[in-house]
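Enquirer: For reference, the chains in residue letters:
4 protein chains.
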Amino acid sequence: MKKTVCALHSELVRYGLVAWTAGNVSGRIPGEDLFVIKPSGVSYDDLTPDTMVVCDLDGNLVEGDYAPSSDTAAHAYIYRHMPEVGGVVHTHSTYASAWAARGEAIPCVLTAMADEFGGEIPIGPFALIGGDDIGRGLVDTLKGHRSPAVLMQNHGVFTIGATPKAAVKAAVMCEDVARTVHVARQLGSVIPIEPKHIDALYDRYQNVYGQRSSK
Amino acid sequence: MKKTVCALHSELVRYGLVAWTAGNVSGRIPGEDLFVIKPSGVSYDDLTPDTMVVCDLDGNLVEGDYAPSSDTAAHAYIYRHMPEVGGVVHTHSTYASAWAARGEAIPCVLTAMADEFGGEIPIGPFALIGGDDIGRGLVDTLKGHRSPAVLMQNHGVFTIGATPKAAVKAAVMCEDVARTVHVARQLGSVIPIEPKHIDALYDRYQNVYGQRSSK
Amino acid sequence: MKKTVCALHSELVRYGLVAWTAGNVSGRIPGEDLFVIKPSGVSYDDLTPDTMVVCDLDGNLVEGDYAPSSDTAAHAYIYRHMPEVGGVVHTHSTYASAWAARGEAIPCVLTAMADEFGGEIPIGPFALIGGDDIGRGLVDTLKGHRSPAVLMQNHGVFTIGATPKAAVKAAVMCEDVARTVHVARQLGSVIPIEPKHIDALYDRYQNVYGQRSSK
Amino acid sequence: MKKTVCALHSELVRYGLVAWTAGNVSGRIPGEDLFVIKPSGVSYDDLTPDTMVVCDLDGNLVEGDYAPSSDTAAHAYIYRHMPEVGGVVHTHSTYASAWAARGEAIPCVLTAMADEFGGEIPIGPFALIGGDDIGRGLVDTLKGHRSPAVLMQNHGVFTIGATPKAAVKAAVMCEDVARTVHVARQLGSVIPIEPKHIDALYDRYQNVYGQRSSK
Chain A
1 MKKTVCALHS ELVRYGLVAW TAGNVSGRIP GEDLFVIKPS GVSYDDLTPD TMVVCDLDGN
61 LVEGDYAPSS DTAAHAYIYR HMPEVGGVVH THSTYASAWA ARGEAIPCVL TAMADEFGGE
121 IPIGPFALIG GDDIGRGLVD TLKGHRSPAV LMQNHGVFTI GATPKAAVKA AVMCEDVART
181 VHVARQLGSV IPIEPKHIDA LYDRYQNVYG QRSSK
Chain B
1 MKKTVCALHS ELVRYGLVAW TAGNVSGRIP GEDLFVIKPS GVSYDDLTPD TMVVCDLDGN
61 LVEGDYAPSS DTAAHAYIYR HMPEVGGVVH THSTYASAWA ARGEAIPCVL TAMADEFGGE
121 IPIGPFALIG GDDIGRGLVD TLKGHRSPAV LMQNHGVFTI GATPKAAVKA AVMCEDVART
181 VHVARQLGSV IPIEPKHIDA LYDRYQNVYG QRSSK
Chain C
1 MKKTVCALHS ELVRYGLVAW TAGNVSGRIP GEDLFVIKPS GVSYDDLTPD TMVVCDLDGN
61 LVEGDYAPSS DTAAHAYIYR HMPEVGGVVH THSTYASAWA ARGEAIPCVL TAMADEFGGE
121 IPIGPFALIG GDDIGRGLVD TLKGHRSPAV LMQNHGVFTI GATPKAAVKA AVMCEDVART
181 VHVARQLGSV IPIEPKHIDA LYDRYQNVYG QRSSK
Chain D
1 MKKTVCALHS ELVRYGLVAW TAGNVSGRIP GEDLFVIKPS GVSYDDLTPD TMVVCDLDGN
61 LVEGDYAPSS DTAAHAYIYR HMPEVGGVVH THSTYASAWA ARGEAIPCVL TAMADEFGGE
121 IPIGPFALIG GDDIGRGLVD TLKGHRSPAV LMQNHGVFTI GATPKAAVKA AVMCEDVART
181 VHVARQLGSV IPIEPKHIDA LYDRYQNVYG QRSSK
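Going down the list, the protein sequences come from chains A, B, C and D.
If you count by the UniProt record's numbering, then the first sequence holds residues 1 to 215, one letter each, in order.
If you count by the UniProt record's numbering, then the second sequence holds residues 1 to 215, one letter each, in order.
If you count by the UniProt record's numbering, then the third sequence holds residues 1 to 215, one letter each, in order.
If you count by the UniProt record's numbering, then the fourth sequence holds residues 1 to 215, one letter each, in order.
To be clear, the hints were calculated from the coordinates, so they are not data collected in a lab.
Treat the hints loosely; a few may be bogus.
One-sided excerpt, in silico: chain D residues whose CB lies under 10 Å from chain A [to be verified]:
1. Glu-175
2. Arg-179
3. His-182
4. Ile-191
Virtual Cβ for every residue (Gly too), placed ideally from N, Cα, C.
Let's have the full structure, built from the sequences with the hints guiding it.
Expert: What follows is the structure, encoded as structure tokens:
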């Protein structure tokens with residue numbers, strides 16, 4: 001799991017979702033009340049499986065030579081309250097964060113967005129770092145939507161998945177649709193997709209797309 | 001053809017037209033009612049000639065270890081109805097998809113656009129995946145235009161060519177002009193090019209540009 | 001000179017000024033009425049010094065296995081009428097071409113623009129390819145300005161320099177300032193720089209910047 | 001220090017903050033009234049520790065084979081008047097320079113901005129190169145703000161830090177937030193962060209983030 005989580009961080013760099021040391025990926029260790037997460041303030045170039053740290057579901061450091069990510073409490077809160085989640089990603093990616101700075105959900109106007117997010121990408125509350133406020137805002141917002149991504153007001157984006165890889169995919173797709181819908185709206189009105197079509201696209205994508213054994 | 005189609009996928013990555021596993025290229029096998037296409041939901045990093053799959057013109061899998069792209073029906077419809085087409089490309093590239101989300105054709109205001117597209121890049125209908133609706137919308141729209149690219153409303157872009165490489169070129173140029181015209185329009189009105197000048201540019205480019213033996 | 005001109009094409013790719021086979025660099029052969037230019041429609045990956053072609057100042061092919069760039073007539077016109085020019089570059093770079101699609105000069109609101117261009121980047125006329133119209137439009141526009149770059153309406157940008165490298169630098173800086181001024185204007189009015197300050201910046205940069213022996 | 005300063009220049013290239021030879025990094029030599037800075041007008045590809053030059057705090061060349069950066073006087077002025085500064089960076093990065101071209105400070109509407117800049121990124125005066133005007137404008141503006149970055153009107157951005165690396169980090173984060181806030185503002189109003197929350201975020205980030213021994 002340390003190796004997997006470490007390798008997935010390079011996808012954040014490849015897709016331009018992070019600057020300097022911002023952003024982080026975590027993954028739940030299957031069958032244990034533990035998760036692996038990025039150390040705090042370490043350069044992406046310097047990440048190796050050995051620098052990854054292990055925390056319990058209260059966010060306490062259990063194993064590792066570094067202090068855990070300053071967003072660890074938010075990851076831990078999600079793992080505590082959503083047992084189906086196996087991976088969490090956080091970034092300040094440009095377009096998603098821009099919607100978040102206006103406190104505005106991203107409307108579902110692209111079939112790729114219906115596929116992956118099943119509707120709008122919702123906006124969560126403003127919350128200060130350092131306690132359970134971010135985690136609670138995330139879980140409360142996720143419960144009302146099919147979207148695996150939540151924009152946190154004035155902050156950035158968190159995504160979840162059954163695996164860390166699925167959460168990274170959601171982070172990549174979130175920025176991609178945040179950018180495309182932004183660009184579309186710059187020159188006029190976008191055409192909404194009817195709810196029944198969103199449902200049809202979401203159902204098909206979740207059940208038919210990709211190879212049988214993996215998503 | 002598997003090797004050619006596989007290699008062309010890396011051009012989609014190089015030009016930033018695709019995110020994660022979205023997008024696909026196909027190529028007709030000369031002299032046979034078959035075409036090669038990308039497998040569904042496989043990472044661009046993992047594509048090799050052996051992972052490419054072969055389908056018949058009804059979109060049925062004929063050869064290959066993977067399920068074909070979920071857009072296979074649209075590719076097959078084009079090959080069935082347009083015998084002159086040897087390659088098809090589909091992407092959700094940002095700027096082309098943004099025009100598509102507004103349901104707006106891209107006006108011909110650049111000489112490079114007159115060269116390659118012979119006029120505006122048209123907009124096709126909203127259509128759900130899973131049957132012949134996308135293919136039919138594409139073919140109907142292509143018939144009324146010289147453009148090898150069609151924007152599908154709320155979806156993305158499909159391009160055609162005599163070869164898969166020509167279709168990839170059209171996809172690259174489509175995003176390039178979609179971006180430039182978008183940027184131009186952000187700060188005011190663009191100057192149209194007179195139809196007679198569009199015709200002159202298109203004729204010259206299709207017949208004179210490049211080396212004699214290839215386009 | 002073939003080696004120099006070939007190598008400079010990779011700068012156009014590095015700075016994202018060109019898509020597919022668009023764009024070209026040429027360089028006058030010192031002491032001769034000849035210049036080296038890119039072959040027409042050849043991929044940037046496939047350019048080698050041997051693929052470069054040599055033309056006379058009327059744009060006729062003198063040496064080389066390929067047809068010369070379709071913009072050769074415009075380059076030749078500049079070399080014929082401006083003996084001080086040793087290099088010419090042409091691109092359809094996004095932001096410069098966007099200003100060109102509106103037929104609008106780029107105002108001088110950045111000190112880096114005063115340094116390199118000595119004022120606005122002017123707009124030249126709409127002109128069809130295939131004769132001397134583009135070249136004449138370029139030379140006429142260059143004569144009224146200090147700028148080594150001209151935006152050709154609905155088309156793209158041409159830059160000149162004492163050497164091919166200086167022309168490439170002007171093409172890179174032109175796109176850079178076209179982008180920054182575009183972005184600045186998106187959210188309101190830009191502050192002009194007083195003409196006397198533009199003169200002071202231009203004079204200093206042309207005479208003091210860089211190492212003594214080279215620019 | 002020459003090695004450190006040389007290596008940090010590649011971060012400016014990696015994050016796309018500089019075009020051609022623009023931009024520069026300097027670092028104070030601990031315990032001496034000297035600093036290391038980039039030579040003027042040398043390509044980023046050609047920078048090696050040996051090409052770096054050493055200047056005294058009046059900006060005079062003390063050691064090195066090249067003329068120092070044309071921005072050396074501004075760096076020297078900062079080192080003379082702000083003894084706590086160990087590194088200075090200057091760029092014309094696109095989004096920061098766009099705010100500067102409008103003469104507009106960047107409002108603090110992102111938690112990442114509160115973390116790093118402790119409030120708005122302020123705008124300094126228009127000042128001509130060649131004397132102490134730029135340096136004076138910078139130091140005067142820095143004194144009224146917690147921000148390690150200042151936008152100089154019509155020019156670009158300067159950042160400071162306790163080390164050259166911290167100044168480079170500030171330059172990277174400045175462009176990142178300049179871009180995100182720009183994008184946010186394009187589609188409407190951004191939500192301000194309350195001053196008490198900005199204070200809480202800034203205090204926490206400056207004191208808790210990262211590993212104990214380094215920032």
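Enquirer: With 10 Å as the cut and Cβ atoms as the points, is Arg-179 of chain D at the interface with chain A?
Expert: holds (6 Å)
Enquirer: Take the shortest C-beta to C-beta distance between His-182 of chain D and chain A; is it under 10 Å?
Expert: Holds. Min distance 8 Å.
Enquirer: Can you verify the interface hint for Ile-191 of chain D: is its Cβ closer than 10 Å to any Cβ in chain A?
Expert: holds (5 Å)
Enquirer: Please check whether Glu-175 of chain D passes as an interface residue: C-beta within 10 Å of a C-beta belonging to chain A.
Expert: holds (8 Å)
When held up to the earlier numbered hints, the structure conflicts with none and fits them all.
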